[in-house]
Amino acid sequence: MAELLISISTPDWLAHIIAALVQCALLLAIALCSAAVGIWLERKVSARIQDRLGPTRVGGRFGWLQPPADGLKLICKEDIIPAAADHILFRIAPYISFCAVFCVFLALPFANGWVAVELNAGAFFLLAVAGLEIFGVILGGYASGSKWSLYGAMREAAQVVSYEIPLGLCVVVIILLTGTMNLVAIGNQQAGWFFNWHIFHDPFTFVTFWVYVTCAVASSNRAPFDLPEAESELVAGFLTEYSGFRWVFFFMGEYASMFVVSALGALLFLGGWNGPVPIASLLGLTPEHGAIGGWINTILGPIISMLGLTLDPAAWIGNLLGMCNFIAKAFLGMTFMIWLRWTLPRLRIDQVITTCLKYCVPIVSAMLAGVMLWSFFLPGGLFAALTQPASFPRSAWERTDSTLRVDGPQDVGEMQEEAGTRNVTALRSHAEHGNEGNIQEESR
Amino acid sequence: MDAINWHGCFFLLFAAVACGFAVAVVVAGNIVRMACCLVVSLAAVAGLFFLAGAEFLGAAQLMVYVGGTMVLLIFGVMLTARGPLVSMKTGGGQWVLALVIGVALFAVLLQAATSSSAWDGPRENNLVRHDPVQSEESVTQDAAGQLGLGLLGVREDKIRQENKVLRGGMSGYLLAFEIISVHLVVVLVGAAYLARARRRVQGSGVRTPSPESRTPIPE
Chain S
1 MAELLISIST PDWLAHIIAA LVQCALLLAI ALCSAAVGIW LERKVSARIQ DRLGPTRVGG
61 RFGWLQPPAD GLKLICKEDI IPAAADHILF RIAPYISFCA VFCVFLALPF ANGWVAVELN
121 AGAFFLLAVA GLEIFGVILG GYASGSKWSL YGAMREAAQV VSYEIPLGLC VVVIILLTGT
181 MNLVAIGNQQ AGWFFNWHIF HDPFTFVTFW VYVTCAVASS NRAPFDLPEA ESELVAGFLT
241 EYSGFRWVFF FMGEYASMFV VSALGALLFL GGWNGPVPIA SLLGLTPEHG AIGGWINTIL
301 GPIISMLGLT LDPAAWIGNL LGMCNFIAKA FLGMTFMIWL RWTLPRLRID QVITTCLKYC
361 VPIVSAMLAG VMLWSFFLPG GLFAALTQPA SFPRSAWERT DSTLRVDGPQ DVGEMQEEAG
421 TRNVTALRSH AEHGNEGNIQ EESR
Chain P
1 MDAINWHGCF FLLFAAVACG FAVAVVVAGN IVRMACCLVV SLAAVAGLFF LAGAEFLGAA
61 QLMVYVGGTM VLLIFGVMLT ARGPLVSMKT GGGQWVLALV IGVALFAVLL QAATSSSAWD
121 GPRENNLVRH DPVQSEESVT QDAAGQLGLG LLGVREDKIR QENKVLRGGM SGYLLAFEII
181 SVHLVVVLVG AAYLARARRR VQGSGVRTPS PESRTPIPE
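Residue numbers (the working numbering), protein chains in the order written: chain S, 1 to 444; chain P, 1 to 219.
Rather than coming from a laboratory, the hints here were simulated on the basis of the structure. Any given hint could turn out to be false.
Said to hold, decoys possible - If you anchor each label on the Cβ, the simulated ranges turn out as follows:
hint, chain 1, residue 1, chain 2, residue 2, range
1, P, Gly29, S, Arg348, 36 to 42 angstroms
2, P, Leu109, S, Val22, 26 to 32 angstroms
3, S, Trp210, P, Ser115, 53 to 59 angstroms
4, S, Ala84, P, Phe10, 35 to 41 angstroms
5, S, Lys77, P, Val27, 33 to 39 angstroms
Stated by the list, open to error - From chain S, some residues computed to sit far from chain P (all C-beta separations above 10 angstroms):
hint, residue
6, Lys77
7, Tyr142
8, Val211
Glycine included, every Cβ here is placed at the ideal spot set by N, Cα and C.
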């Protein structure tokens, strides 16, 4: 982007600023659109579950202009700050909440390489920043100067801080499997047919996925875990004193974080931008160019280069398909969460904590150990083991020697004799071998 | 070429935010505002780490320090929301003591900072990561993996070293890692011990817990 602007004689500094602003605007658009669509979806799905129609009039038959209308109404509302409130903190709390969620979008890849900042520790960054959303909530709850708000904020704190542990462990399971925290690499390792997705890698990851779903619902404060804003007990929890535009910020933050946890789940477990059927790679819409991809490139290539752009049209179209895939999966996840919300009753706070500490944490710890053993003995995954029985006696012990690729002195070999080291290198090398297995499968 | 030194700009920005809010922590009277300023200051330090390309460290800073301060904030609110501590009054003696310690620490840090070679902006090898050909060789490519291996007793950067002397420390940080792990387990057990529900004296209605508080989760 910046290079393009420089090439049409924009000053260097201006080009960089414009490029940065364009990327920010794109991400903001995705965050806000996901919130708007989420609100519309919530209204429609809840209406259908309760045998109603939901919004039908604003913007045509399906009421799809309802979120902008809601937003307009809320902006026009009076901005009330209670007299007992801590004014500064009360004002900044909604922004903190939304900014934390927005920061997650910076590291969230939407397709192969389509990510604002590709971080090597992307998964870790995502977890760290997503946990900051509650900071705004706690601050807002405290600063409102109301006991309902304070109770809501304290419940939120207890809930989210406890659920961060199993949520983090779920992500660790996948990191263990992939050997990387780079989210783009994690997505690319699941390329191919749907049985390459990590959820189908082995029974342990399958169970881990459902623990992840539970924790994701809990950490985004959705029913049945919506204790912080339990309207029958706490008025509206931390939202009680908020009105108008500040309330909108909290709400957009909540829906954007729903999108984020669904997207992260899709990325870690459900193949990311890789569809159930690898249409893009079957058509050759990858950087390697298959039949149709090469054909598209011969047609579009000259036009693109005439415009002074340096992109690969076939791979670009493939990525576009991938992004549609990814966003569809994220919205599927959101729909699931909405379905849960309107189906299950709210838990009590002790049940919430029991679910976390007595069920989620032990289950996911056992799954972590299980995945560790599985990826040591059957690294190719369940379907590779079923379809290619010849490939899995290739045990972890054999693989270690070839994969560390040490060019150093001979006594390094002695180092490797230690079983612990072997273990680690086997785990690290698993990523490459997992890919190999995938490629072999595709070629069959 | 009049390119702006973006690293320099953002370094100054983050550093100013970190220092400014650190001062605000001291100046602010309300304990929640203090914690809030502390969070911003620590987040700015995380920004400095990201700027330096230490992504893992930056994320760890966000996770551990910023998240930890959040818990501190919660306790601050829980313990002092309606108490005498909600606005902290600092006496003159405490100010003097804090100033002496602060200035002494600052002198040590200043000495350490100025004794290293001067910061000279983004060098070519800092920008290597953007070059796709070079990135295979780049150290930052898989920093988290190297870090993990280092904690488990193998340092990849040392293991390739041919010189015996320079290869010292090849065994990584396994001992430190184990000590910290055991320490944390002890802390966890201690916390669980302190927080456990106390058994009441036998014969005073222990066997009749109220049904609301003891209902197990419905399956």
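Against the earlier hints, flag every one the structure doesn't satisfy and list their numbers going up.
2, 7
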